[in-house]
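**Q** Next come the chains, spelled out residue by residue.
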Amino acid sequence: MAQFNLPQNSKIEVGKYFKDKTNSKNLRKINVYRWDPSSGKNPRVDTFEVDMDSCGPKVLDILFKIKNEIDPSLTFRRSCAHGVCGSCAMNIDGVNGLACIKSHTDIKGDLNIYPLPHLKVVKDLIGDLTTLYKQYESIQPWLKVDQTGEEKIELKQSQKEREKLDGYYECILCACCSTSCPSYWWNGDKYLGPAVLLQAYRWINDSRDGDKKERLKKVADELKLYRCHTIMNCTNSCPKGLNPAKAIGSIKKMLATS
Amino acid sequence: MENNNPLSPHLQIYKWQISSLLSITHRIVGVINFFAIILICLWATLIIFGQNGYELTQVILDSFFGKFLIIALCWTFSFHILNELRHLFWDLGYGFDLKIAKITGVLALIGSFILTILFYIIGRNFI
Numbered sequence: 029m030a031q032f033n034l035p036q037n038s039k040i041e042v043g044k045y046f047k048d049k050t051n052s053k054n055l056r057k058i059n060v061y062r063w064d065p066s067s068g069k070n071p072r073v074d075t076f077e078v079d080m081d082s083c084g085p086k087v088l089d090i091l092f093k094i095k096n097e098i099d100p101s102l103t104f105r106r107s108c109a110h111g112v113c114g115s116c117a118m119n120i121d122g123v124n125g126l127a128c129i130k131s132h133t134d135i136k137g138d139l140n141i142y143p144l145p146h147l148k149v150v151k152d153l154i155g156d157l158t159t160l161y162k163q164y165e166s167i168q169p170w171l172k173v174d175q176t177g178e179e180k181i182e183l184k185q186s187q188k189e190r191e192k193l194d195g196y197y198e199c200i201l202c203a204c205c206s207t208s209c210p211s212y213w214w215n216g217d218k219y220l221g222p223a224v225l226l227q228a229y230r231w232i233n234d235s236r237d238g239d240k241k242e243r244l245k246k247v248a249d250e251l252k253l254y255r256c257h258t259i260m261n262c263t264n265s266c267p268k269g270l271n272p273a274k275a276i277g278s279i280k281k282m283l284a285t286s
Numbered sequence: 004m005e006n007n008n009p010l011s012p013h014l015q016i017y018k019w020q021i022s023s024l025l026s027i028t029h030r031i032v033g034v035i036n037f038f039a040i041i042l043i044c045l046w047a048t049l050i051i052f053g054q055n056g057y058e059l060t061q062v063i064l065d066s067f068f069g070k071f072l073i074i075a076l077c078w079t080f081s082f083h084i085l086n087e088l089r090h091l092f093w094d095l096g097y098g099f100d101l102k103i104a105k106i107t108g109v110l111a112l113i114g115s116f117i118l119t120i121l122f123y124i125i126g127r128n129f130i
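In the order they appear, the protein sequences are chains A and B.
Read in order, the letters of the first sequence are residues 29 to 286 in the working numbering.
Read in order, the letters of the second sequence are residues 4 to 130 in the working numbering.
To be clear, the hints were calculated from the coordinates, so they are not data collected in a lab.
The structure displayed is predicted, hence computed values, not measured ones.
Note that the Cβ used here is the ideal one computed from N, Cα and C, for glycine as well.
Be a bit skeptical, because a hint or two may be false.
In silico SDA-like cross-links for lysine to any residue, where the CA-CA straight-line distance does not exceed 20 Å [to be verified]:
| # | chain 1 | residue 1 | chain 2 | residue 2 |
| --- | --- | --- | --- | --- |
| 1 | B | 18 | A | 33 |
| 2 | B | 102 | B | 19 |
| 3 | B | 18 | A | 131 |
| 4 | A | 268 | B | 105 |
| 5 | A | 280 | A | 239 |
| 6 | A | 136 | B | 16 |
| 7 | B | 18 | A | 140 |
| 8 | A | 280 | A | 235 |
| 9 | B | 102 | B | 114 |
| 10 | A | 86 | A | 138 |
| 11 | A | 245 | A | 167 |
| 12 | A | 188 | A | 240 |
| 13 | B | 18 | A | 31 |
| 14 | A | 53 | A | 75 |
| 15 | A | 86 | A | 121 |
| 16 | B | 105 | A | 269 |
| 17 | A | 280 | B | 87 |
| 18 | B | 18 | A | 123 |
| 19 | A | 192 | B | 96 |
| 20 | A | 268 | A | 107 |
| 21 | B | 18 | A | 134 |
| 22 | A | 192 | B | 99 |
| 23 | A | 151 | A | 104 |
| 24 | A | 280 | B | 88 |
| 25 | A | 280 | B | 91 |
| 26 | B | 102 | B | 92 |
| 27 | A | 192 | A | 286 |
Now the in silico label distances, taken between C-beta atoms and shown as ranges [unchecked claim]:
| # | chain 1 | residue 1 | chain 2 | residue 2 | range |
| --- | --- | --- | --- | --- | --- |
| 28 | B | 67 | A | 135 | 43 to 51 Å |
| 29 | A | 169 | B | 90 | 24 to 32 Å |
| 30 | B | 65 | A | 31 | 42 to 50 Å |
Could you build the full structure based on these sequences and the hints that come with them?
**A** Here it is in structure tokens:
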């Protein structure tokens, strides 16, 4: 049974208030989820007053400003800062997205930043994605061909066949979609979730792959696949503009028609 | 080893989207309709038992609560029918585009109210 409330050790408390020290007139309140594993305390939400006059346009710029100038203990993942690596996925203003490509000017009022929903928190804004990576491994995300070492030949793909992967190969596995899905929240241990199913579809749909039937068979499961109820939070949150809901729908359709 | 780290907030912080709101409404309304059909069956059964049974349901359904119940059920069925249409099209592979899904969602919601009014007017005047 799904648990809708947060467990006792996850209840969020009111945190510290970091008052502005720059005397700036253009201040913005940023509420950030904090949890320190060494403290033994419950998570809290700290509020930072940030001077927006000297801040870059993206949410990641705000986080860096806080880390560099206000509280160096703030912890978050980031790498490329161009929406390619997917490290800085977090919940910004109630919707999952990449901090590096999300403009804070698009959001009105105070800015709320939380880790990706329904994950075990490692520290502050970092969630534990181990389960998701295991599930990703379970769909065997690599090309499977029946070629022995001697007869190995080049696998050709026509332009049309290649186009079938458009909208799927761009996925960067940032986990924004999977962690936005209520179905994944309640059944994350069994349901594969939008990110992994989109990847599954990407391999099923690859003309060079020789294991299509087996792949479909493996994913055709009441819990693994059919826990998707087309809630579409995934498509709503994908920072790359992809459509996991459509990918899952396509797998369901393939299974129904094959 | 059990992971005792806190769970990050989910329902508490995630912003409602049109799609997610309609999805959960579809579920709730589905459960309501399940019970509504039982009620309708009971109603039909009562009529079999003759005039007394008929008059009893008449009194109940003619009260303010009864009217509210009927109109509410008109809406729950209207909404479920229209939103189920979206699901049928999704199963056929159409309507996944974010914009289209939003438009059909809003249409289903607005349509459900129009359909409710239509049901009510038709029921009032022609049956």
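**Q** Each hint: holds or not?
**A** Going down the list of hints, with the structure as the test:
With a C-alpha separation of about 16 Å, the suggested pairing of residue 18 of chain B with residue 33 of chain A holds against the 20 Å cut-off. The straight-line distance between the Cα atoms of residue 102 of chain B and residue 19 of chain B is roughly 16 Å, inside the 20 Å bound, and the hint therefore holds. Taking the CA atoms of residue 18 of chain B and residue 131 of chain A, the gap is near 17 Å; set against the 20 Å cutoff, the hint holds. Proximity of residue 268 of chain A to residue 105 of chain B is assessed by CA-CA distance (about 18 Å); at most 20 Å being required, the pair is judged to hold.
The suggested pairing of residue 280 of chain A with residue 239 of chain A holds, with an alpha-carbon distance near 17 Å, which does not exceed 20 Å. With a C-alpha separation of about 16 Å, the suggested pairing of residue 136 of chain A with residue 16 of chain B holds against the 20 Å cut-off. Simply put, residue 18 of chain B and residue 140 of chain A have alpha-carbon atoms about 11 Å apart, close enough for the 20 Å limit, and the pair holds. Distance check on the hinted pair: residue 280 of chain A and residue 235 of chain A sit about 19 Å apart at the alpha-carbon level, within 20 Å; holds.
Distance restraint check for residue 102 of chain B and residue 114 of chain B: the Cα-Cα separation of roughly 18 Å lies within the 20 Å cut-off, and the hinted pair is therefore satisfied. Our distance criterion of 20 Å between C-alpha atoms is met by residue 86 of chain A and residue 138 of chain A, whose separation comes to about 15 Å. The suggested pairing of residue 245 of chain A with residue 167 of chain A holds, with an alpha-carbon distance near 11 Å, which does not exceed 20 Å. Simply put, residue 188 of chain A and residue 240 of chain A have alpha-carbon atoms about 18 Å apart, close enough for the 20 Å limit, and the pair holds.
Distance hint between residue 18 of chain B and residue 31 of chain A is fulfilled; the C-alpha atoms sit about 18 Å from each other, no more than 20 Å. Taking the CA atoms of residue 53 of chain A and residue 75 of chain A, the gap is near 17 Å; set against the 20 Å cutoff, the hint holds. With a C-alpha separation of about 13 Å, the suggested pairing of residue 86 of chain A with residue 121 of chain A holds against the 20 Å cut-off. This hinted pair checks out: residue 105 of chain B and residue 269 of chain A have alpha carbons roughly 15 Å apart, not beyond 20 Å.
About 17 Å separates the Cα atoms of residue 280 of chain A and residue 87 of chain B, which keeps this hinted pair within 20 Å; it holds. Distance hint between residue 18 of chain B and residue 123 of chain A is fulfilled; the C-alpha atoms sit about 6 Å from each other, no more than 20 Å. Between residue 192 of chain A and residue 96 of chain B the CA atoms are separated by roughly 15 Å; this keeps the pair inside 20 Å, and the hint holds. For a cut-off of 20 Å, the pair hint linking residue 268 of chain A to residue 107 of chain A stands: about 17 Å separates their Cα positions.
The suggested pairing of residue 18 of chain B with residue 134 of chain A holds, with an alpha-carbon distance near 15 Å, which does not exceed 20 Å. A threshold of 20 Å between alpha carbons decides the hint, and for residue 192 of chain A with residue 99 of chain B the separation of about 16 Å falls inside it, so the pair holds. For the suggested pair residue 151 of chain A and residue 104 of chain A, the alpha carbons sit about 8 Å apart, so the restraint of at most 20 Å is met. Of the supplied pair hints, the one linking residue 280 of chain A and residue 88 of chain B holds, its CA atoms being roughly 17 Å apart against a limit of 20 Å.
With a C-alpha separation of about 12 Å, the suggested pairing of residue 280 of chain A with residue 91 of chain B holds against the 20 Å cut-off. For the suggested pair residue 102 of chain B and residue 92 of chain B, the alpha carbons sit about 15 Å apart, so the restraint of at most 20 Å is met. At roughly 18 Å between alpha-carbon atoms, residue 192 of chain A and residue 286 of chain A fall within 20 Å of each other, so this suggested pair holds. In this structure, residue 67 of chain B and residue 135 of chain A meet the distance hint of 43 to 51 Å, their C-beta atoms being roughly 45 Å apart.
Our hint of 24 to 32 Å for residue 169 of chain A and residue 90 of chain B holds, since their Cβ atoms are close to 29 Å apart. Range check, residue 65 of chain B to residue 31 of chain A: Cβ separation about 44 Å, and the 42 to 50 Å hint holds.
In this structure, every one of the numbered hints holds.
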